[in-house]
Amino acid sequence: MVDAVLRTPASSAPLRLRWRNAMRRKSTLAFLMTLPLILLVALLVLYPALYSIHLATLNKSMERFVGLGNFLFLFKRETFWMVVRQSCLFAITAVIFKALIGFIVAHLVHNVPSKGQRKWRGMLLVPWVIPPAMSCLAWLWLFDPSYSALNWVLERFGIAPVAWTGDANWARFSVILVNIWIGAPFFMIMYLAALKSVPEQLYEAAAIDGANWWQRLWFVTLPMMRNIMAITALFSLIVTFANFDIVRILTAGGPIDRTHVFATWAFWVGIQGNDIPLGASVSLFMVPILTVAAVFILRDVHRRASEMS
Amino acid sequence: MLKSKLTRRRLLSTTAAATAAIAMPHVRGAHAAGKLSLGFWDHWVPGANNTTTALVNEWAAKEKVEVSVDYITSQGNKNLLTIAAEAQARSGHDVFQFPTWQPADHANRLDPVDEIMAELIKQNGAVNPTVEYLARADDLMRQHAGIDVVAMYPSGAPPKAEAWTLDAFLKGAEACHKAGFPFGIGLGTTEDNVDTAGAIFQSFGANLVDAKGDIAVKTDSVRQALEFYKKLAQWLPPDAPAWDNASNNKYLIAGKGALIMNPPSAWAVAKRDAPKVAEQLWTHGMPAGPKGRYAPFLPYFYGIWNFSKNRSAAKSLLLYLSQPSAVEKMVNASAGYDLPAFEKLTTFKVWAEESPPKGTLYHYPNPYNHQILSVAAQPAPPKIAVQIYTQAIQTKMVVRFMQGEPLEKTLAWAETEVEGFMRT
Numbered sequence: 001m002v003d004a005v006l007r008t009p010a011s012s013a014p015l016r017l018r019w020r021n022a023m024r025r026k027s028t029l030a031f032l033m034t035l036p037l038i039l040l041v042a043l044l045v046l047y048p049a050l051y052s053i054h055l056a057t058l059n060k061s062m063e064r065f066v067g068l069g070n071f072l073f074l075f076k077r078e079t080f081w082m083v084v085r086q087s088c089l090f091a092i093t094a095v096i097f098k099a100l101i102g103f104i105v106a107h108l109v110h111n112v113p114s115k116g117q118r119k120w121r122g123m124l125l126v127p128w129v130i131p132p133a134m135s136c137l138a139w140l141w142l143f144d145p146s147y148s149a150l151n152w153v154l155e156r157f158g159i160a161p162v163a164w165t166g167d168a169n170w171a172r173f174s175v176i177l178v179n180i181w182i183g184a185p186f187f188m189i190m191y192l193a194a195l196k197s198v199p200e201q202l203y204e205a206a207a208i209d210g211a212n213w214w215q216r217l218w219f220v221t222l223p224m225m226r227n228i229m230a231i232t233a234l235f236s237l238i239v240t241f242a243n244f245d246i247v248r249i250l251t252a253g254g255p256i257d258r259t260h261v262f263a264t265w266a267f268w269v270g271i272q273g274n275d276i277p278l279g280a281s282v283s284l285f286m287v288p289i290l291t292v293a294a295v296f297i298l299r300d301v302h303r304r305a306s307e308m309s
Numbered sequence: 001m002l003k004s005k006l007t008r009r010r011l012l013s014t015t016a017a018a019t020a021a022i023a024m025p026h027v028r029g030a031h032a033a034g035k036l037s038l039g040f041w042d043h044w045v046p047g048a049n050n051t052t053t054a055l056v057n058e059w060a061a062k063e064k065v066e067v068s069v070d071y072i073t074s075q076g077n078k079n080l081l082t083i084a085a086e087a088q089a090r091s092g093h094d095v096f097q098f099p100t101w102q103p104a105d106h107a108n109r110l111d112p113v114d115e116i117m118a119e120l121i122k123q124n125g126a127v128n129p130t131v132e133y134l135a136r137a138d139d140l141m142r143q144h145a146g147i148d149v150v151a152m153y154p155s156g157a158p159p160k161a162e163a164w165t166l167d168a169f170l171k172g173a174e175a176c177h178k179a180g181f182p183f184g185i186g187l188g189t190t191e192d193n194v195d196t197a198g199a200i201f202q203s204f205g206a207n208l209v210d211a212k213g214d215i216a217v218k219t220d221s222v223r224q225a226l227e228f229y230k231k232l233a234q235w236l237p238p239d240a241p242a243w244d245n246a247s248n249n250k251y252l253i254a255g256k257g258a259l260i261m262n263p264p265s266a267w268a269v270a271k272r273d274a275p276k277v278a279e280q281l282w283t284h285g286m287p288a289g290p291k292g293r294y295a296p297f298l299p300y301f302y303g304i305w306n307f308s309k310n311r312s313a314a315k316s317l318l319l320y321l322s323q324p325s326a327v328e329k330m331v332n333a334s335a336g337y338d339l340p341a342f343e344k345l346t347t348f349k350v351w352a353e354e355s356p357p358k359g360t361l362y363h364y365p366n367p368y369n370h371q372i373l374s375v376a377a378q379p380a381p382p383k384i385a386v387q388i389y390t391q392a393i394q395t396k397m398v399v400r401f402m403q404g405e406p407l408e409k410t411l412a413w414a415e416t417e418v419e420g421f422m423r424t
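Protein chains in written order, with the working numbering: chain A, 1 to 309; chain B, 1 to 424.
Please note that a few of the clues may not be correct.
[What the hints assert, rightly or not] If you anchor each label on the Cβ, the simulated ranges turn out as follows:
| id | chain 1 | residue 1 | chain 2 | residue 2 | range |
| --- | --- | --- | --- | --- | --- |
| 1 | B | 409 | A | 141 | 50 to 58 Å |
| 2 | B | 211 | A | 78 | 20 to 28 Å |
| 3 | A | 46 | B | 211 | 29 to 37 Å |
| 4 | A | 137 | B | 273 | 42 to 50 Å |
| 5 | A | 53 | B | 273 | 44 to 52 Å |
| 6 | B | 408 | A | 53 | 37 to 45 Å |
| 7 | B | 409 | A | 108 | 31 to 39 Å |
| 8 | B | 409 | A | 244 | 55 to 63 Å |
Everything labelled a hint here was simulated from the structure, so no lab data went into it.
These numbers come from a predicted model, not from an experiment.
The C-beta atom is built at its ideal place from N, Cα and C for all residues, glycine as well.
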């Protein structure tokens, strides 16, 4: 009895001490504070991701395990490879133009006197902050076969109406255009932040060395912005690749599947076509493509960060 | 688009697979109790849901069942997403209103209703629902194409449509195009487009897959159907490949076209938004092809999940909702848009009296059975047909061919696609 009484405080004291020390550590605190988010991510991202992998290994009626059968089936489909090409075309073209427009506009805004800059920033962010479903509906009206406002304007100038969503090439142009319209402000704001973080002394030094505008851009601005540019491009590439709403609302993948991207085709096959395992396989096909892109871009960022440090 | 109904063929195929597929319910003598959760299609006609709710509540009070009704929109395929989620979770509503292809796909998750269907057919006649299509008649068709659809489909009398063939249809399309009012037939991937293509293909006997499940893409009948469509497509609006279910309605209401293929929803909207246009609309049947006069039919099914905890009450409710008086109330609430499943229920007053012009919907429920009702991709086995339908293979074939792809290449593409649908 006596032993027990004496031993209890002796054994609990280090435990309490260890607990207190653990709680004092920044890493523990940080982990605890991020735990709700980790749980949320696990619940809303990890579980669905694992579940979709599980679904992708089932047969059409979801009663039998077929391993990689769905993927092998997809590889033999002409439409699937067309969707792969279109997804790449859609994402790469849109990201390039978003980056280009974002870069130019960021420079223009950066050169606006600080007094009026906030207004410009606010206005230019509008396409990005409007819910895409809403802005896409407005674009749908602009492209509408019967009531296209764009065609109405063209007709005023004696130009024949354009089948914006009826012709395969115009439809591709239309969905890419809307994606650029929505996404370019994100690039603009990221690039603007990067521009503002470039030390003014570098430009002064370059000016003293006699560098012209182009040389300042090429040898000072771009190297200083490269990491932000790479990260922004990667982030945008992922989001654009996985885009659903724009294509779904504007063309639903048509005409004759010429604007389908992975997400819309996965929905079409999986939900509308009642073939959920195949739909899951289509959507999972994005993972290796994006993983390769992420590895290359992040490796480059890491390398440059090491060089700079 | 179309609501309710069940073809005999569909009924047999689904019940044979031990599924629950019933169009317009009722059950006598059931002593249901407890709770019942219902997931119904959110009807586009204002007030139509209220009538359904009132009927359900009437039944619930009588049977002392606690009922909750959710109206789920088909916009953005929300209803399909809900069905998929409930099927996966094996939980959700007890009764669901399934769009055309869903009962076959969820056959093993639905409760059989053979016994109540037998009683309903005895009471209401065979399941023989109808869909007819809407045309802008009168002035435009008569003036520019010399086609008098009102004379062909007179209100209160049998159709006199012997001359209403696909050839006459083609000539009408050309004449109306030249007059500046082209036929508004879409070539997109949504229901209106696919249904039209399906009916025309069937009029040529062009089945991509036959009833046994054998591929029949490279046949003369399919070639004939595509050749016909190519001729027709030159008289259609150039952006027809981008049309969805709303495009044809807007086209008609805007006064741009002489004819569209649609149930009378466009007429109902025109009645509200463009009464002058509505006055010129007349609902009539499809033109006949070499293999018959086919009209599209898109049924909705009431289905009882087999994981429902109150299946007896669910059956009782479905039978109650299938009584002629209940059916008539729902048809009236939808201004004649809904079509009952049973052949004895195609002569309600609403179709003869709706106006303007009076009698415009008279032939909509196909009261004289002069059309063969079918779903695009029929008679392929449902699990293959659903893929042909939802992937809109027929309209895609038409667009490929009309845009210059060689016929045999289009057929080869379609054959490959259809082969892919054979997987189990």
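Comparing the hints with the structure gives:
{"no.": "1", "hint": "B:409 <-> A:141: 50 to 58 Å", "in the structure": "violated (36 Å)"}
{"no.": "2", "hint": "B:211 <-> A:78: 20 to 28 Å", "in the structure": "holds (27 Å)"}
{"no.": "3", "hint": "A:46 <-> B:211: 29 to 37 Å", "in the structure": "violated (46 Å)"}
{"no.": "4", "hint": "A:137 <-> B:273: 42 to 50 Å", "in the structure": "violated (19 Å)"}
{"no.": "5", "hint": "A:53 <-> B:273: 44 to 52 Å", "in the structure": "holds (49 Å)"}
{"no.": "6", "hint": "B:408 <-> A:53: 37 to 45 Å", "in the structure": "holds (40 Å)"}
{"no.": "7", "hint": "B:409 <-> A:108: 31 to 39 Å", "in the structure": "violated (49 Å)"}
{"no.": "8", "hint": "B:409 <-> A:244: 55 to 63 Å", "in the structure": "violated (31 Å)"}
Hints 1, 3, 4, 7 and 8, counting from the list given before, are not met by this structure.
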